Amino acid sequence: MGGDTRVRELVDRFYDLMDLEPAYRELRAAHGTTLDEARDKLHWFLSGWLGGPDLYIERFGHPRLRMRHMPFSIGILERDQWVTCMHQAMTEVQLDPALIERLTESFMKTADWMRNR
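Per numbering that gives the first Met the number 0, the very first residue in the sequence shown carries number 0; after that it's consecutive.
There may be inaccurate statements among the hints.
[Unchecked claim] Below, computed lysine to any residue pairings styled on SDA-like, alpha-carbon distance capped at 25 Å:
hint, residue 1, residue 2
1, Lys108, His86
2, Lys40, Arg63
3, Lys108, Glu91
4, Lys40, Phe106
5, Lys108, Val92
[What the hints assert, rightly or not] Across the chosen pairs, the derived CB separations fall in these ranges:
hint, residue 1, residue 2, range
6, Ala22, Pro70, 23 to 29 Å
7, Ser72, Gln93, 29 to 35 Å
8, Asp3, Gly60, 28 to 34 Å
9, Pro96, Gly60, 23 to 29 Å
By construction, these hints were calculated from the structure, which means they are not laboratory data. Predicted, not measured: the structure shown is a model, and the values here were computed from it. Glycine included, every Cβ here is placed at the ideal spot set by N, Cα and C.
Go ahead and model the full structure; you've got the sequences and the hints to work with.
Next up, the structure:
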């Protein structure tokens with residue numbers, strides 16, 4: 000994908016869009032008043048998930064994504080907003096279209112698995 004700087008660029012654009020775009024209102028509302036901690040955690044997670052250093056695991060252990068997201072109400076709307084926001088971020092930071100396609104498919108599978116309602 001281009002290293003740590005590109006991962007951070009993607010994560011920052013994702014959360015900027017969440018703050019800016021009314022289409023992601025429900026997703027944004029689920030994140031509380033500040034996005035700083037979420038930005039760091041997603042950056043650390045994606046770093047390892049994309050083949051770089053396991054920054055998240057070094058800090059928190061196994062990601063246990065579903066368990067860690069259980070306190071949040073995640074339905075189809077939230078799933079779709081997350082994936083759409085991430086797709087928009089990937090497009091805006093100009094990732095390779097083939098990579099965007101592969102990542103969107105993986106993100107959708109993971110986001111669907113996170114649904115708890």
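These are the hints, each one checked on the structure:
1. Lys108 - His86: holds (14 Å)
2. Lys40 - Arg63: holds (13 Å)
3. Lys108 - Glu91: holds (22 Å)
4. Lys40 - Phe106: Measuring from Cα to Cα gives roughly 16 Å; hence the hint holds.
5. Lys108 - Val92: holds (22 Å)
6. Ala22 - Pro70: 23 to 29 Å: Given a distance of about 24 Å, which is inside 23 to 29 Å, the answer is holds.
7. Ser72 - Gln93: 29 to 35 Å: For serine 72 and glutamine 93 the Cβ distance comes to about 33 Å; the hint holds.
8. Asp3 - Gly60: 28 to 34 Å: Check failed, 21 Å falls outside 28 to 34 Å.
9. Pro96 - Gly60: 23 to 29 Å: Violated: the Cβ-Cβ distance is about 35 Å, outside 23 to 29 Å.
Consistency with the previously given hints fails for numbers 8 and 9, ordered from lowest to highest.
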